[in-house]
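Quick mapping for you: the protein sequence lines, in order, are chains L and G.
Using full-length UniProt numbering, you'd call the opening residue of the first sequence number 1 and step up by one each time.
Using full-length UniProt numbering, you'd call the opening residue of the second sequence number 1 and step up by one each time.
Bear in mind the hints are in silico, worked out from the structure with no lab data behind them.
Remember, predicted model here, so these are calculated numbers, not experimental data.
Built from N, CA and C at the ideal position, the CB exists for glycine as well.
Certain hints may be false.
Claimed, not checked - Okay, the calculated bits of chain L under chain G, using three or more residues with CB under 8 Å as the criterion:
#1 34 to 40
#2 45 to 54
#3 69 to 78
#4 87 to 94
#5 195 to 202
#6 272 to 283
#7 291 to 303
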Amino acid sequence: MSYVSTAMKPKPTLGGPGTDQRKKSRAAAWARRAPLLPALIFVIITTQLPFAVTLVISFFNWNSLRPNDRGFAGLSNYIQVFADPGLRHAVWVTILLTASVVLISLVTGLLIALLLNQKFFGRGLVRTLLIAPFLVVPVAAALIWKHAILNPVYGLINGILTGIWELFGSQNPPQMDLLTDQPLAAIIASLVWQWTPFMMLILLAGLQSRPADAIEAAQMDGANAWHVFRYITLPHLRQYLELGGLLGAIYIVQNFDAVFTLTSGGLGTSNLPYAVYKTFYIANEYGVASAAGVVTVAGSLIVATFALRTVFSIFKKEAAR
Amino acid sequence: MSVATKQLRLSPKRRLKNSGRRNPLVGLIAWITALLFVSPVLWMMITSFHSEADAATNPPSFFAPLTLDAYAQFFGAASGANPWPPLINSAMASVFSTILVLLLAMPAAYALSIKPIKKWTDVLFFLLSTKMLPIVAAALPLYIFANFSGMLDNIWFLIIMYTSMNLPIAVWMMRSFLAEVPVEMLEAAQLDGAGLIRTLSQVVAPVATPGIAATGLICFIFSWNELLLARVLTGVVSGTAPVFLTGFVSSQGLFLAQLCAASVVVSLPVLIAGFAAQDKLVQGLSLGAVK
Numbered sequence: 001m002s003y004v005s006t007a008m009k010p011k012p013t014l015g016g017p018g019t020d021q022r023k024k025s026r027a028a029a030w031a032r033r034a035p036l037l038p039a040l041i042f043v044i045i046t047t048q049l050p051f052a053v054t055l056v057i058s059f060f061n062w063n064s065l066r067p068n069d070r071g072f073a074g075l076s077n078y079i080q081v082f083a084d085p086g087l088r089h090a091v092w093v094t095i096l097l098t099a100s101v102v103l104i105s106l107v108t109g110l111l112i113a114l115l116l117n118q119k120f121f122g123r124g125l126v127r128t129l130l131i132a133p134f135l136v137v138p139v140a141a142a143l144i145w146k147h148a149i150l151n152p153v154y155g156l157i158n159g160i161l162t163g164i165w166e167l168f169g170s171q172n173p174p175q176m177d178l179l180t181d182q183p184l185a186a187i188i189a190s191l192v193w194q195w196t197p198f199m200m201l202i203l204l205a206g207l208q209s210r211p212a213d214a215i216e217a218a219q220m221d222g223a224n225a226w227h228v229f230r231y232i233t234l235p236h237l238r239q240y241l242e243l244g245g246l247l248g249a250i251y252i253v254q255n256f257d258a259v260f261t262l263t264s265g266g267l268g269t270s271n272l273p274y275a276v277y278k279t280f281y282i283a284n285e286y287g288v289a290s291a292a293g294v295v296t297v298a299g300s301l302i303v304a305t306f307a308l309r310t311v312f313s314i315f316k317k318e319a320a321r
Numbered sequence: 001m002s003v004a005t006k007q008l009r010l011s012p013k014r015r016l017k018n019s020g021r022r023n024p025l026v027g028l029i030a031w032i033t034a035l036l037f038v039s040p041v042l043w044m045m046i047t048s049f050h051s052e053a054d055a056a057t058n059p060p061s062f063f064a065p066l067t068l069d070a071y072a073q074f075f076g077a078a079s080g081a082n083p084w085p086p087l088i089n090s091a092m093a094s095v096f097s098t099i100l101v102l103l104l105a106m107p108a109a110y111a112l113s114i115k116p117i118k119k120w121t122d123v124l125f126f127l128l129s130t131k132m133l134p135i136v137a138a139a140l141p142l143y144i145f146a147n148f149s150g151m152l153d154n155i156w157f158l159i160i161m162y163t164s165m166n167l168p169i170a171v172w173m174m175r176s177f178l179a180e181v182p183v184e185m186l187e188a189a190q191l192d193g194a195g196l197i198r199t200l201s202q203v204v205a206p207v208a209t210p211g212i213a214a215t216g217l218i219c220f221i222f223s224w225n226e227l228l229l230a231r232v233l234t235g236v237v238s239g240t241a242p243v244f245l246t247g248f249v250s251s252q253g254l255f256l257a258q259l260c261a262a263s264v265v266v267s268l269p270v271l272i273a274g275f276a277a278q279d280k281l282v283q284g285l286s287l288g289a290v291k
């Protein structure tokens, strides 16, 4: 990162050759910016404009089924969002879902990464197999979990329970119905299954970049495996854990596919994205949906602040290299 | 003296802890974990080759005879539901948006890494911040706009939105891959008087091809997987494969083998793209922060 720019910093001289030079350097600066502009303008128009519109709509009374009732509503949509127990619950579900999926898949991913960091027969194949869950289309994954794995009648889990119990001559094996009894746990399980490979990949890369000399020095000083893990591996992995957790959180906060497919937001599993979708797509309450959308954005900004700070600190370290 | 040289020669071998010796127990646990994780995928594949009667049994019929019936059914033998339009729509949305993303992201990444503008970090972090705003909050204005301008149920509107969805992260990934192009090569190109387009196509692209390909594959996967925007912005004509999959269960009743066959077909492009990008997957997905 040691690019020295010569075209920058025009000298503040007045008249004659000075202005000429300044003009030239300004042209050079624009020539540098030119390749960036199409992408930047495209992103600004397609991402900032819709959010601005959402913000505006959130202050209006607008149900598409009653087009004549449209009018300024002040903060009433927001009051409705916070007064609606369903939407309040959706906030809680979003937090619970994001936190548990991120934490469980980080821990599972770390354990698997620690295994994969050892040498054993077929390590490459095991790594490839473990990536597979991340590469199933999320809707397909949710459908498979719902119908082929968790279905109480012929799902794989109950089927295997029956098989094992029959093996021992029992006629009444334990059968479970996770989708009805613990629907949120079912969503969490399917998402953990999809996101663990992602965490594992990032943490494995972290493990493989550990300072070998520090570990050897510690081992020579008589440190046992736990000490090496606690005082060298874990501190080194910290930024990888943060990065994996925050990137995962950005995607899981927004999760729509799993909630939509597994439970359709029923049985108290509706998260904010699903609630917003339902409010405008099914209930046609554009104003309320926009207010809920603004609340979702505000919540995401909290996660985003931490995420951006973490990425920035890694970024600065890399740039200093 | 001889002891010292011996140790020196040995040390590179012992770079990673415990990696010098194989531990059969570790291998066994790792294999069991991998099989456990991949079992839903395997079960999906096995079931897709079973007849409907063998697919929905308790206990499961692992060794039932294999058949291609479910695939024949899925491709419209009896039901009349034709999966080709949604598959083609998905292919169009993913391929065209990925091409657009690469065309826009390459020059942008160039201006942010190889010849960085002033405040290039600000631009990068602005781009990343747009990725953190939930799509659902933009879906309603997009729906209203599409409805108003007659772009609803038009695959090209979806292509534009997927381009916007993937462009910020593509710039990040690409920046990290372009930063690996040797400075000397770029200086040589500059001395030869090569312009932006020639530098990009003749110097940068050949060196950064694996990275550019990985960026493209990851964007392809994200577009192919997307459900929310597709559901809101498309309908009968331009519905994509994920939308088709969600409607598949309700319209067909429950045919487990067919559902598994459908899931296999829809997931296949992503599995292929993902394994093709395997070596660069971590660097790409971590936005270049992890090499």
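Hints versus structure:
1. With a threshold of 8 Å between beta carbons, the proposed coverage of the region 34 to 40 of chain L by chain G holds, since 6 of its residues qualify and at least three are required.
2. Coverage of the region 45 to 54 of chain L by chain G holds. Counting CB-CB distances below 8 Å, 8 residues qualify, and the rule asks for three or more.
3. Proximity of the region 69 to 78 of chain L to chain G, defined as three or more residues with a beta carbon under 8 Å from a beta carbon of that chain, is not established by the 0 residues found.
4. Judged by the Cβ-Cβ criterion of 8 Å, the region 87 to 94 of chain L is not covered by chain G as claimed, because only 0 of its residues qualify and three are needed.
5. With 5 residues having a Cβ less than 8 Å from any Cβ of chain G, the region 195 to 202 of chain L passes the three-residue criterion, so the hint holds.
6. Figure legend: the region 272 to 283 of chain L, annotated as covered by chain G; annotation consistent (6 residues with Cβ-Cβ distances under 8 Å, at least 3 required).
7. Remark: the region 291 to 303 of chain L is confirmed as covered by chain G, as 7 of its residues place a Cβ nearer than 8 Å to a Cβ of that chain, reaching the required three.
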